[in-house]
Amino acid sequence: GNSVTQMEGPVTLSEEAFLTINCTYTATGYPSLFWYVQYPGEGLQLLLKATKADDKGSNKGFEATYRKETTSFHLEKGSVQVSDSAVYFCALSGSNAGNMLTFGGGTRLMVKP
Amino acid sequence: EAGVAQSPRYKIIEKRQSVAFWCNPISGHATLYWYQQILGQGPKLLIQFQNNGVVDDSQLPKDRFSAERLKGVDSTLKIQPAKLEDSAVYLCASSPLGTNTEAFFGQGTRLTVV
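If you're matching them up, the sequences are chains A and B in order. Letter by letter, the first sequence follows residues 1 to 113 of the working numbering. Letter by letter, the second sequence follows residues 1 to 114 of the working numbering.
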């Protein structure tokens, strides 16, 4: 079946540091890949997505590239801000799974001023 | 545009009691999902509807959980009887028809079973 593995947190960084959150997946077919973010007290929001190999999703300074050869979709940001503190979830939607999302366990990011 | 609405936001019940959660998806979204998010874990799909039909309920514990979406719009998820391990946040999401479409999530209902 489909599964997503992401690095455990919490990840603690200083403001303006470089961020990488690793995500790898197992899936049949050609899944779409997503990063969702959950800010404190709020619901899950889509951060970015990529629907085919070598696609790069980007939003709010975050980027992730769909790497089929390494089955990875690592999230990166060049310079984090305190306001980026949140829990980040990597997810996939299988091509034969009716758009249902399979999530990783989440990674908490804490950015200190 | 209004987002996905869920109620209540919080619920505390004793084990063996019953509880129901309500979700109103974004207008026009044919697909509705219920996810269970246990503390410290990622959300896990319980059931997916397309209009008023069930697409996937393979991970729904049917001996105690039930869900319906009678008119293809809002939905209710019920637990009867509740167990301690049902303590979690129950998330509702909706999306339009089509592949790779974005799912929009509500704020969830936090259930505590004591």
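Each hint should be verified, as a subset may be incorrect.
Taking CB as the label site, the calculated pair distances span [unchecked claim]:
(1) A:79 / B:22: 18 to 28 Å
(2) A:14 / B:61: 35 to 45 Å
(3) B:39 / A:58: 41 to 51 Å
(4) A:39 / B:12: 34 to 44 Å
(5) A:17 / B:40: 20 to 30 Å
Heads up, simulated DSS-like pairs for lysine-lysine below, C-alpha to C-alpha not over 27 Å straight-line [as the list claims (entries may be wrong)]:
(6) A:49 / A:60
(7) B:71 / B:44
(8) A:56 / B:15
(9) B:78 / B:11
(10) B:71 / B:15
(11) A:68 / A:52
(12) A:49 / B:11
(13) A:52 / B:44
(14) A:68 / B:62
(15) B:83 / B:44
(16) B:71 / B:11
Hints are computed from structural coordinates only; laboratory data are not their basis. Given the structure is predicted, the values throughout are model-derived calculations rather than measurements. Virtual Cβ for every residue (Gly too), placed ideally from N, Cα, C.
Item to check | Unsatisfied constraints (hint numbers, rising) | outcome: 1, 3, 4, 8, 10, 12 and 14
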